[in-house]
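Protein chains: 2
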Amino acid sequence: MALERPKGKQLVADVFACQRQRVMFDRKSIAAAAERISPYVRHTPVLQCALGSDSPVTLKLELLQYAGSFKPRGAFNRMLTTPLPAAGVIAASGGNHGAAVACAARVLGVVAEIFVPAATPQAKLARIASYGARVVRGGETYAEALVASRVRQAETGALEIHAYDHEDVLAGQGTVGREFEQDAPGLTHILVATGGGGLIGGIAAWYAGSAEIVSVEPELCPTLHDALKAGQPVAAPVGGIAADSLGARQAGSLMFPIAQRFVSQAILVTDDAVRAAQRRLWDDFRLIAEPGGAVAAAALLSGRFVPPPNARVGVVVCGANADPATIAA
Amino acid sequence: MALERPKGKQLVADVFACQRQRVMFDRKSIAAAAERISPYVRHTPVLQCALGSDSPVTLKLELLQYAGSFKPRGAFNRMLTTPLPAAGVIAASGGNHGAAVACAARVLGVVAEIFVPAATPQAKLARIASYGARVVRGGETYAEALVASRVRQAETGALEIHAYDHEDVLAGQGTVGREFEQDAPGLTHILVATGGGGLIGGIAAWYAGSAEIVSVEPELCPTLHDALKAGQPVAAPVGGIAADSLGARQAGSLMFPIAQRFVSQAILVTDDAVRAAQRRLWDDFRLIAEPGGAVAAAALLSGRFVPPPNARVGVVVCGANADPATIAA
Numbered sequence: 005m006a007l008e009r010p011k012g013k014q015l016v017a018d019v020f021a022c023q024r025q026r027v028m029f030d031r032k033s034i035a036a037a038a039e040r041i042s043p044y045v046r047h048t049p050v051l052q053c054a055l056g057s058d059s060p061v062t063l064k065l066e067l068l069q070y071a072g073s074f075k076p077r078g079a080f081n082r083m084l085t086t087p088l089p090a091a092g093v094i095a096a097s098g099g100n101h102g103a104a105v106a107c108a109a110r111v112l113g114v115v116a117e118i119f120v121p122a123a124t125p126q127a128k129l130a131r132i133a134s135y136g137a138r139v140v141r142g143g144e145t146y147a148e149a150l151v152a153s154r155v156r157q158a159e160t161g162a163l164e165i166h167a168y169d170h171e172d173v174l175a176g177q178g179t180v181g182r183e184f185e186q187d188a189p190g191l192t193h194i195l196v197a198t199g200g201g202g203l204i205g206g207i208a209a210w211y212a213g214s215a216e217i218v219s220v221e222p223e224l225c226p227t228l229h230d231a232l233k234a235g236q237p238v239a240a241p242v243g244g245i246a247a248d249s250l251g252a253r254q255a256g257s258l259m260f261p262i263a264q265r266f267v268s269q270a271i272l273v274t275d276d277a278v279r280a281a282q283r284r285l286w287d288d289f290r291l292i293a294e295p296g297g298a299v300a301a302a303a304l305l306s307g308r309f310v311p312p313p314n315a316r317v318g319v320v321v322c323g324a325n326a327d328p329a330t331i332a333a
Numbered sequence: 005m006a007l008e009r010p011k012g013k014q015l016v017a018d019v020f021a022c023q024r025q026r027v028m029f030d031r032k033s034i035a036a037a038a039e040r041i042s043p044y045v046r047h048t049p050v051l052q053c054a055l056g057s058d059s060p061v062t063l064k065l066e067l068l069q070y071a072g073s074f075k076p077r078g079a080f081n082r083m084l085t086t087p088l089p090a091a092g093v094i095a096a097s098g099g100n101h102g103a104a105v106a107c108a109a110r111v112l113g114v115v116a117e118i119f120v121p122a123a124t125p126q127a128k129l130a131r132i133a134s135y136g137a138r139v140v141r142g143g144e145t146y147a148e149a150l151v152a153s154r155v156r157q158a159e160t161g162a163l164e165i166h167a168y169d170h171e172d173v174l175a176g177q178g179t180v181g182r183e184f185e186q187d188a189p190g191l192t193h194i195l196v197a198t199g200g201g202g203l204i205g206g207i208a209a210w211y212a213g214s215a216e217i218v219s220v221e222p223e224l225c226p227t228l229h230d231a232l233k234a235g236q237p238v239a240a241p242v243g244g245i246a247a248d249s250l251g252a253r254q255a256g257s258l259m260f261p262i263a264q265r266f267v268s269q270a271i272l273v274t275d276d277a278v279r280a281a282q283r284r285l286w287d288d289f290r291l292i293a294e295p296g297g298a299v300a301a302a303a304l305l306s307g308r309f310v311p312p313p314n315a316r317v318g319v320v321v322c323g324a325n326a327d328p329a330t331i332a333a
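As you go down the protein sequences, you meet chains A and B in turn. Quick note: to get our numbering, add 4 to the position in the first sequence (first position is 1). Quick note: to get our numbering, add 4 to the position in the second sequence (first position is 1).
In isolation and in its complexed conformation, chain A is listed as follows:
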């Protein structure tokens, strides 16, 4: 027994050392990522507007990013910080991360294999394939596709590009926050959709408490909501209209401590509210946002998030890989 305790302590110390070593996404690493990826990604614009609130709202139009979502930021940052093996890269994805990895692989001259779940819509499959990547159906859910991709990775030796739970991916996504602060200084609340938490984790790490970070998820994909309630990442239901982009099932282990510290609220919205937000973004802005891309706006438009007086609200519109026929009548 006496022998056990030092061993146990050592184990805990090792885990913390490991975490300290691994969790390297902060303002500094995000700034470094921004410089690293700047030749490869778009600095997306912001738009001041009124959106279901008397307060002015600033939209970050990240849906105009390459590959139709914020995901190339993390994918490029990951692939630019690691030697790429001859076997190329491999990823599991509901679609957007896969498209981003495929896009980055093409630009950087390596092959890519993307494992997708059954829910991945046709528009995203086509987009991944358009970059020349190999697309593999890898099960019913993202979690299953991830397992399948890891079996395959062990065979090929390709570099795994995780969709969210890697510090370089998180630092890459954090560049959204950096640009947002640059272009719209003084925001008090930032509304961000959460799936596995790569985007909100990166943005929260950038703002680091200088603005309230508000997580928004569909009621049918309450990943971060459930994790914060449980005090740790837990398996959450995956379903509904945005499952392909926000159906990670479990919050990332690296982003979770950041979320505990810096995410002030985890709001849930209905699928109907998401559809209404998509419709509103089209009617009023002529923007085609996919369900996951409209989730943050839905919190404001549905009244689930009510800005306090004098709030200056930012909303990240983070994905556009939808079939417009599902939005515009």
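I should point out that these hints are in silico values taken from the structure, not numbers from a laboratory. Among these hints, one or two may not hold up.
[Said to hold, decoys possible] Some chain B residues close to chain A (C-beta under 10 Å, calculated; not the full set):
(1) 47
(2) 129
(3) 131
(4) 293
No experiment lies behind these values; they were computed from the predicted model shown. Here a beta-carbon is modelled for each residue, glycine too, at the ideal position from N, C-alpha and C.
Given the coordinates of chain A, assemble chain B onto it according to the supplied hints.
Relative to chain A, chain B alone:
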């Protein structure tokens, strides 16, 4: 004969005095318009990108404007500088100007009647009606709708809001140029779609020679191209994919001298090039541009406009009132 000459001279002098009096759109009036309309219009964002050219290109995303095109700028400026009669406002329009006038009328609390030609697509009719305006089919072409609207105007006493040939409308549209210069200083070439010439006239008046203003029109609607060739506004063919937004038939009399002075090239593009540009804006940017909104980009993408070395090219993407089903497969 001797009596005639002074009379003739006097007539010419009167015409010039009248023109001097009327042509009041310049940087000063555009700056005043910008201040006047700022509570009512969006300052639309710019986006740096690569677009069919080695040179960097900056897009002015004016398609994100209220009512889906740049037109509210001119409509609001016109309606904010003139007392609005109880009979409200009346306009002829291929659709976008009508939607803008209807939108402004609703905001400013007056009624609106909009006369449209047969070519106005369903998406634009619906948009006009959504603002509560009365929509009237006024003939086959914009020119016929204009005549019909003037007959009706004589009955009702409503204020005519011309789609382009009025100094307040031109000054309003010129605010696009002002914002563009503000947000993307140092552009050497600005590509702008031309219909009646309100947008390009305003933008050319703003830049006033400090950047080359390049007019782009469909081959089937060569309004300004033909006018510059003839040395005066002339009736031009109206047809093809962008006729509803660019089918004015004849360049505005007020913008024409500005165009002669400041428009360096009048480029024509095919309808196929316009369709390809629409597709490219969707594939690469997730932007839904209507044909008229994609015409300027088409000049660059089709190679009809080749930027000289070291050019810094700006492209105004000016309208989004399209049915996405016609663009995204």
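Worksheet item: Hint numbers the structure violates, sorted upward?
Response: Structure breaks hint 2 only.
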